[in-house]
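Engineer: What follows is each chain in one-letter form.
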Amino acid sequence: MQLFHLHARRRRARGAILALFLGLGWLCASLFQTQVLKNMAYALQSDANRLRPFAVPAPRGTVYDRYGRIIADNLPGYSLALLPAPRDSLRNALARLAPVLGLPPVRIEALLEQQRKFPAQPLVVSPDLSFEQISAVEERRRQLPGVFVDMRPKRNYAAGQAVAHLVGYVAEISEQELKLPAFQEYVPGQTVGKAGLERQYERILGGKPGVRYLEVDAYGHIIGELAPQPSVAPVPGKDLRVSLDLELQRWIDRIFPDSTRGAMVALEPGTGEVLALYSSPAYDPNQFVGGVSPDLWRQLNADSARPLLHRALTGLYPPGSAFKLASAAIALELGVVDPKAYMPIPCRGGMQYGNRYFKCWYKEGHGYLTLPDAIKNSCNVFFYQLGLRIGLERFLAEANRLGFSRGTGIDLPVEATGHFPDGVDWFRRRFGWKPTPTEVLSLAIGQGPNSQSPLRMALFYAALAGGGRVPAPRLARGVAPVGEALDLKLSPENLEWLKEGLRRVVSPGGTAYLSSLEHWELIGKTGTSQNPHGPDHGWFMGIAGPKGGSPEIVIAAVMEFSEHGSSTAQYVSKAADFYLRRKHGIPVDTIQTLRDHLIAGKPAPWATWR
Amino acid sequence: MALIDRLRRLLGDPPLALLVLGLSLFGVAMVYSAGQLDVPDSKVTGVWRMQLLWLGMSLFAMLILLRMQVRWLEWIAAPAYVLSLGLLAATLVIGTGAGTAERVKSWIDLGPVAIQPAQFANLATILILARIMGNWREPPRSLWALWPPVALVVVPMGLVMLQPDLGTAMVFGAVLLAAMYWAGTPLGLLFMLISPALGLFFAFEGWLFSLYMLGLLAFLYLYRAYLWESVLVLAANLAAGTIAVPLWNSLEPYQQARLLVFLDPSIDPRGWGYHVIQSRVAIGSGGLLGKGFTLGTQKRLAFLPEQHTDFIFSVIGEEFGFLGTVTVLLAFGLILWRLARVAERVADPFAGIIVFGVFGAWFAHVVVNIGMTVGVMPVTGIPLPFLSYGGSFLLANFLALAIVERIAAEQGRI
Numbered sequence: 001m002q003l004f005h006l007h008a009r010r011r012r013a014r015g016a017i018l019a020l021f022l023g024l025g026w027l028c029a030s031l032f033q034t035q036v037l038k039n040m041a042y043a044l045q046s047d048a049n050r051l052r053p054f055a056v057p058a059p060r061g062t063v064y065d066r067y068g069r070i071i072a073d074n075l076p077g078y079s080l081a082l083l084p085a086p087r088d089s090l091r092n093a094l095a096r097l098a099p100v101l102g103l104p105p106v107r108i109e110a111l112l113e114q115q116r117k118f119p120a121q122p123l124v125v126s127p128d129l130s131f132e133q134i135s136a137v138e139e140r141r142r143q144l145p146g147v148f149v150d151m152r153p154k155r156n157y158a159a160g161q162a163v164a165h166l167v168g169y170v171a172e173i174s175e176q177e178l179k180l181p182a183f184q185e186y187v188p189g190q191t192v193g194k195a196g197l198e199r200q201y202e203r204i205l206g207g208k209p210g211v212r213y214l215e216v217d218a219y220g221h222i223i224g225e226l227a228p229q230p231s232v233a234p235v236p237g238k239d240l241r242v243s244l245d246l247e248l249q250r251w252i253d254r255i256f257p258d259s260t261r262g263a264m265v266a267l268e269p270g271t272g273e274v275l276a277l278y279s280s281p282a283y284d285p286n287q288f289v290g291g292v293s294p295d296l297w298r299q300l301n302a303d304s305a306r307p308l309l310h311r312a313l314t315g316l317y318p319p320g321s322a323f324k325l326a327s328a329a330i331a332l333e334l335g336v337v338d339p340k341a342y343m344p345i346p347c348r349g350g351m352q353y354g355n356r357y358f359k360c361w362y363k364e365g366h367g368y369l370t371l372p373d374a375i376k377n378s379c380n381v382f383f384y385q386l387g388l389r390i391g392l393e394r395f396l397a398e399a400n401r402l403g404f405s406r407g408t409g410i411d412l413p414v415e416a417t418g419h420f421p422d423g424v425d426w427f428r429r430r431f432g433w434k435p436t437p438t439e440v441l442s443l444a445i446g447q448g449p450n451s452q453s454p455l456r457m458a459l460f461y462a463a464l465a466g467g468g469r470v471p472a473p474r475l476a477r478g479v480a481p482v483g484e485a486l487d488l489k490l491s492p493e494n495l496e497w498l499k500e501g502l503r504r505v506v507s508p509g510g511t512a513y514l515s516s517l518e519h520w521e522l523i524g525k526t527g528t529s530q531n532p533h534g535p536d537h538g539w540f541m542g543i544a545g546p547k548g549g550s551p552e553i554v555i556a557a558v559m560e561f562s563e564h565g566s567s568t569a570q571y572v573s574k575a576a577d578f579y580l581r582r583k584h585g586i587p588v589d590t591i592q593t594l595r596d597h598l599i600a601g602k603p604a605p606w607a608t609w610r
Numbered sequence: 001m002a003l004i005d006r007l008r009r010l011l012g013d014p015p016l017a018l019l020v021l022g023l024s025l026f027g028v029a030m031v032y033s034a035g036q037l038d039v040p041d042s043k044v045t046g047v048w049r050m051q052l053l054w055l056g057m058s059l060f061a062m063l064i065l066l067r068m069q070v071r072w073l074e075w076i077a078a079p080a081y082v083l084s085l086g087l088l089a090a091t092l093v094i095g096t097g098a099g100t101a102e103r104v105k106s107w108i109d110l111g112p113v114a115i116q117p118a119q120f121a122n123l124a125t126i127l128i129l130a131r132i133m134g135n136w137r138e139p140p141r142s143l144w145a146l147w148p149p150v151a152l153v154v155v156p157m158g159l160v161m162l163q164p165d166l167g168t169a170m171v172f173g174a175v176l177l178a179a180m181y182w183a184g185t186p187l188g189l190l191f192m193l194i195s196p197a198l199g200l201f202f203a204f205e206g207w208l209f210s211l212y213m214l215g216l217l218a219f220l221y222l223y224r225a226y227l228w229e230s231v232l233v234l235a236a237n238l239a240a241g242t243i244a245v246p247l248w249n250s251l252e253p254y255q256q257a258r259l260l261v262f263l264d265p266s267i268d269p270r271g272w273g274y275h276v277i278q279s280r281v282a283i284g285s286g287g288l289l290g291k292g293f294t295l296g297t298q299k300r301l302a303f304l305p306e307q308h309t310d311f312i313f314s315v316i317g318e319e320f321g322f323l324g325t326v327t328v329l330l331a332f333g334l335i336l337w338r339l340a341r342v343a344e345r346v347a348d349p350f351a352g353i354i355v356f357g358v359f360g361a362w363f364a365h366v367v368v369n370i371g372m373t374v375g376v377m378p379v380t381g382i383p384l385p386f387l388s389y390g391g392s393f394l395l396a397n398f399l400a401l402a403i404v405e406r407i408a409a410e411q412g413r414i
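Residue numbers (this note's numbering), protein chains in the order written: chain A, 1 to 610; chain B, 1 to 414.
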């Protein structure tokens, strides 16, 4: 056989063409599989390569007060984020950003840690940059791959510290929050309400962030926003209207003595709407927006005045004499006292019961008293007897019905529960002994195991002012109240007797007469909350409205270490005067109470001296 | 008309030349597209002009070479071979890296241009193999009879491997096998020759290697190989099995990585697996019709590495889709089929072996390169004929084409 004969060549050529078919067929099959069968998967991967989703923050809803004034709104701000990248490049980028943004090493480590947990998310380095910082970053743009500067709305609270505790603040969502079911669809870096109204109405105010796809190259440089890919537009948060009177809130912030710790709560009697909710000392919530600086946080936490504490809702104070009205209301409801009749035992500076002598605060004694005068004089002996008539069991049951061992159900995230025995059994659980009937003596004058928040006390007095009933306190309008309404179950005559007692407190000879007002009728009750740690805390519960008309505002105030409620009364009076003057169109004046008139030498035509 | 007639007389297989020319022009277009980026890369952007220049020079060189009689090639073969060995040896000393292959010393810098001697050495090797095996009158009966061609290939192959350019070295092996096949070497002998290479692969799995050795034993018995050659083959396989692991350890880390990544690209998605993954994503996302000329996003955003050289096929796949890749495969199929046809028609053993050697080289390039871009072959870094950017390779391929056309033309005249 010839080696290169035509037949031999033809045979080998056939072999070669067979190999050709096999080889190219194999490639063709591979290409078919890659390009046709797996096209979708690779197309997705290609998009994932070049498109980085970036959350577009939704502008939060505006919070308006009852007159449409803005409590919280948004200002344009700048945020800076890093696109996902390997850890080393991120560390590099952060190191370059550190001098520009002033990032401490601790913060860099925290950011890297966050990136480790959410590697696919852009890393928000700073949600709020100054214009100078932005310029500095833009100048170094070329050396900073993956840096993404974006305009995003920044929360602003124009009233500053006046609304601090009430409105709360917003900041980046924390890791713990992300794990909560309530924040299921939230992403790291997203802004969320952290406290106050911002937290309570996060669902309304928050809106829904949009998504923007950015096209990036293999090195993480942003090539530009991709036009044909429709980004998901953010859904702005809805506006929220609250019952608060922002100007009243500001006024309270202005008149509240700077160095004094305490709280003031103003409610509208008929509706339970919150008109003011103030706690002192406060802080500027704007400094919390976009992350509070560690220094400020440490300082606020270390402050012995505890500025972060929302005293109006979470501060618990023994109500003292202010609670006597509750005892009186219970007695009238149960019909164990005739408001026109004297108590059998007159006040001689105290009263013997069992083997103990129970003192009145007034050593000389008040003598024989009817209920209104007992309220005016805050006579302990009268209320001891009242308590004994009610009896411990009934007293506890009724006080619990009035909510003194519960929260009020106000629409804010955190509220303290009143500290009060929920029944006779409470003493056994708490102290291990069965209560004697004498417990009711302490409880009836507002002592014993009893601490209440200013809001709870305000609510009780709002019920007194509002015909014996008040709905649960609430801030937001157009939102169903959470808590239950309070009903004293008192007849109008009985209510009038209680109010008569309160009226006498702010009458000539009453402890709060100097706080009386020119245009408005102010009635109220002082209280002294015994404080084992220092001077007593002073309460004042004020109810005010046009003279001869029905009450329009109820204010509860507590001032720590103010010795007695009569000094607290003037601030309540001033706040009430401010609110009512504005409501009824009378020019606001800084000379408000009788005391102010006397000091300023202005005539006080309404004042009578009996 | 006169020009076309003259060309027709010069070209023995005009369809082959037309296919190659068309593919090369398409290649220039793709090199242009490879430079259309959103991430400007000055090294790639204007490179299509260079490719066009090289194409013009290649056509010019082809016109000259078409006038050279096949007989002259017999005289040129030996000097060309020796010269290319010299150049390869020189490359090891004065060679430089270039373009996307910075690590390998494959280029000799000649001022304005750099040439890649390995590409010309490949052609010279084909000539010398044809020179040697064209004289065979009987098919080789034993491995021993194969030593001259093997030795002639092993020298340049070894020099290229030292660069180190494993991919191009493998093409020398493909050329050797193709030439030996065309010279009538029995398939059994070819198997015995490459069996140690298979042994190397199987050595990494103990039981697989045992099975392979048993199979080899059975084959040698049934094939009635010479006893001492059987012993030699078995010993070579055993040796391969023994040295496989040390040899593996002696490989450059990037070579190891490339082979490992071929087995599983996801083991190193940011490193060596990156090439394979991004290339597959580019081709796969092209779909049926592609993203459009110059519009491939993987390429535009620099996710695709070496897009104008080794991974030009990925750009085609991304921008023209399955339709584009199949068309290119079809073009290569037709070119290779024409080569096989020419080889079949040529009665002269010397000329036939040259044509089939070219067939072997191009076939190897096509399968290995395209297989690499779709991830069914390891990343060896060899270019795709007529499409990848690279002057030496284009020129060498056109010289080969000229020789084939001349052979076909002389055949027609006879």
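Hint data in this document are derived by calculation from the structure and do not stem from the laboratory.
None of these values were measured; they are calculated from a predicted model.
Check each hint, because a few of them may be wrong.
Stated by the list, open to error - One-sided and incomplete, this derived list gives chain B residues near chain A with beta-carbon spacing under 8 Å:
1) R224
2) Y226
3) T325
Said to hold, decoys possible - Ranges between beta-carbon positions, derived for each pair:
4) B:A90 <-> A:H5: 47 to 55 Å
5) A:H5 <-> B:A151: 46 to 54 Å
6) A:L3 <-> B:A239: 29 to 37 Å
7) B:D109 <-> A:H5: 43 to 51 Å
8) B:W207 <-> A:F32: 45 to 53 Å
9) A:D239 <-> B:K43: 55 to 63 Å
10) A:F32 <-> B:G22: 34 to 42 Å
11) B:L83 <-> A:L51: 37 to 45 Å
12) B:G158 <-> A:F118: 23 to 31 Å
Just so you know, even glycine gets a beta-carbon here, dropped at the ideal spot from N, CA and C.
Engineer: Is the distance from the Cβ of L83 of chain B to the Cβ of L51 of chain A consistent with 37 to 45 Å?
Structural biologist: 53 Å, violated
Engineer: Return holds or violated for the Cβ distance of F32 of chain A and G22 of chain B against the range 34 to 42 Å.
Structural biologist: 24 Å, violated
Engineer: Per the hint of 46 to 54 Å, is the separation of the Cβ atoms of H5 of chain A and A151 of chain B within bounds?
Structural biologist: 28 Å, violated
Engineer: Evaluate the given range 45 to 53 Å for the C-beta pair formed by W207 of chain B and F32 of chain A.
Structural biologist: Since W207 of chain B and F32 of chain A have Cβ atoms about 34 Å apart, the given range 45 to 53 Å is violated.
Engineer: Within 29 to 37 Å: is that where the Cβ-Cβ distance between L3 of chain A and A239 of chain B falls?
Structural biologist: Cβ of L3 of chain A to Cβ of A239 of chain B: about 32 Å, so the range 29 to 37 Å holds.
Engineer: Confirm or reject the claim that D239 of chain A and K43 of chain B have a C-beta distance inside 55 to 63 Å.
Structural biologist: 56 Å, holds
Engineer: Using the nearest Cβ pair, does Y226 of chain B come within less than 8 Å of chain A?
Structural biologist: Constraint on Y226 of chain B not satisfied, violated at 21 Å.
Engineer: Hint says 23 to 31 Å; check whether the CB-CB distance for G158 of chain B and F118 of chain A agrees.
Structural biologist: 53 Å, violated
Engineer: With respect to the beta-carbon atoms only, verify the hint that D109 of chain B and H5 of chain A lie 43 to 51 Å apart.
Structural biologist: 48 Å, holds
Engineer: Classify the hint on T325 of chain B as holds or violated, based on whether any CB of chain A lies nearer than 8 Å to its CB.
Structural biologist: 5 Å, holds
Engineer: Quick check on R224 of chain B please, does its C-beta sit within 8 Å of some C-beta on chain A?
Structural biologist: Cβ of R224 of chain B sits 19 Å from chain A, so the hint is violated.
Engineer: Could you tell me whether the CB distance from A90 of chain B to H5 of chain A stays inside 47 to 55 Å?
Structural biologist: 42 Å, violated
Comparing the model with each numbered hint stated earlier shows that hints 1, 2, 4, 5, 8, 10, 11, 12 do not hold.
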